[in-house]
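Undergrad: If you want the building blocks of each chain, they are given just below.
Number of protein chains: 2
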Amino acid sequence: MEQSLFYAPDIQPDAAAYTMNEDTSKYCIQVLRHEKGDSVLLADGRGHRFTAVITDDNRKRCSVSIRQREQMPAPSPALRIAISFTKNASRIEWFLEKATEIGIQTIIPLVSQRTEKEKIKAERLQNILVAAMLQSKQFYLPDLQEPQPFEKVVNSNDPQKLIAHCLPEQKRELHQHMQPGKDTLILIGPEGDFTPEEIQQALAKGFEPVTLGNTRLRTETAGLVAVTLMNAKQREL
Amino acid sequence: MEQSLFYAPDIQPDAAAYTMNEDTSKYCIQVLRHEKGDSVLLADGRGHRFTAVITDDNRKRCSVSIRQREQMPAPSPALRIAISFTKNASRIEWFLEKATEIGIQTIIPLVSQRTEKEKIKAERLQNILVAAMLQSKQFYLPDLQEPQPFEKVVNSNDPQKLIAHCLPEQKRELHQHMQPGKDTLILIGPEGDFTPEEIQQALAKGFEPVTLGNTRLRTETAGLVAVTLMNAKQREL
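Quick mapping for you: the protein sequence lines, in order, are chains A and B.
By the numbering used here, the letter at position 185 of the first sequence is numbered 185, and the numbering carries on one by one without gaps.
By the numbering used here, the letter at position 104 of the second sequence is numbered 104, and the numbering carries on one by one without gaps.
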């Protein structure tokens, strides 16, 4: 039986003890039935892995004593995706869960001309990221940023910049074109794609056009395929 | 405005005319507001692409006259995935939708020792495959087979056979190990993984162990990553 992993967003790196918030305490004590003396793991979402022992199995304020702290290696190079959020919230929430499981460092809600969703429910989405991080046994929480306009994102200076669009122009397969070992940003457009002007703007800024395959993918599927291929590409090193 | 694509499962390859079923007729006439004289596309799910013109815009029995038939190239080599269905139906339904969008030819519900879901709602799942095929503008419907026991699947003689498991044994990255150009079958286990006995059985039958990454993936996520990487690998040819 492997150890349970809980989220401790506000734990200090040098903490000797920690008290879980009410939700986490309830999950730990009531749902998972942990008791005083049980050994558990804590993640602060910033790469620290804490081994702890339950000292008070209070279902509202579960306290633990920290026995060990480990700094996990940061995912490198960094993968960033700027993706136009879908009108249908469940589709993008599904994307956030899966992208976190597979491994992504930064997610930027991209507001392009044809984007239909410009606001996000930050707290709700944050909870989805946390659950996926814990579920996939990771210790770094992806950075979900505030929505940003296309004009701002297109000016970012990531070492490797890619754009996946649907115009029948010269494009190369993402997994064949991308160079591993470089911090990378990819842009994924809305249903209805980027406008030709946006695509030209991106190319002028040094973004390289890539294709994700031969079928027409929904936005959230395109995002997932991009994260999967970029992540696999980085592991080739 | 691109042409609407509708499913015509029972159309004859040499048909001169066709009448849509009630659901499709309603969708075509009431929802999409198509009228007599409009040109539409039909897919039979077996690779035929029909160009047709609406001759009777009846919202219950929409009839069309076939103007052209095209045989689309079959996806080759074939990708087959045998995956243990999840207890939570929505997770595997999501997998079926996405795997179809990205491109998969055969899906086998795999019943292994730790599989918690042995029955499937064939009709409901079939509808999900059809919707995803049309949405992604494809003309071949994936073959969703009846659930099969591990013992039967492990005896299949696909040219390339892979198994993704979580035991810390020697494994290579799927996208680096897989050879493009070969019909391929991959096995994806249940939450809780295959049993060591099942893994040994598969290896003895010539299945090669592969890893899908460094994080711990849910069953449906592992399936999606596998389909994405296999599909990309085949396009390297």
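Possibly wrong hints are sitting among the right ones.
[What the hints assert, rightly or not] To spell it out: a stretch of chain B is covered by chain A in this simulated footprint if at least three of its residues, at any positions, have a beta carbon under 8 Å from a beta carbon of chain A; those stretches are:
1. 95–104
2. 211–219
[Claimed, not checked] Cross-link-like lysine-lysine pairs, in silico, DSS-like; alpha carbons within 27 Å at most:
3. K137(A) - K60(A)
4. K182(A) - K171(B)
5. K119(B) - K87(A)
FYI, nobody ran anything at the bench for these hints, they're computed from the structure.
Just so it is clear, CB atoms sit at the ideal spot from N, CA and C, and this is done for glycine as well.
Undergrad: Evaluate each hint against the coordinates.
TA: Against the structure, the hints come out as follows:
{"no.": "1", "hint": "95–104", "verdict": "holds (count 4)"}
{"no.": "2", "hint": "211–219", "verdict": "holds (count 6)"}
{"no.": "3", "hint": "K137(A) - K60(A)", "verdict": "24 Å, holds"}
{"no.": "4", "hint": "K182(A) - K171(B)", "verdict": "25 Å, holds"}
{"no.": "5", "hint": "K119(B) - K87(A)", "verdict": "33 Å, violated"}
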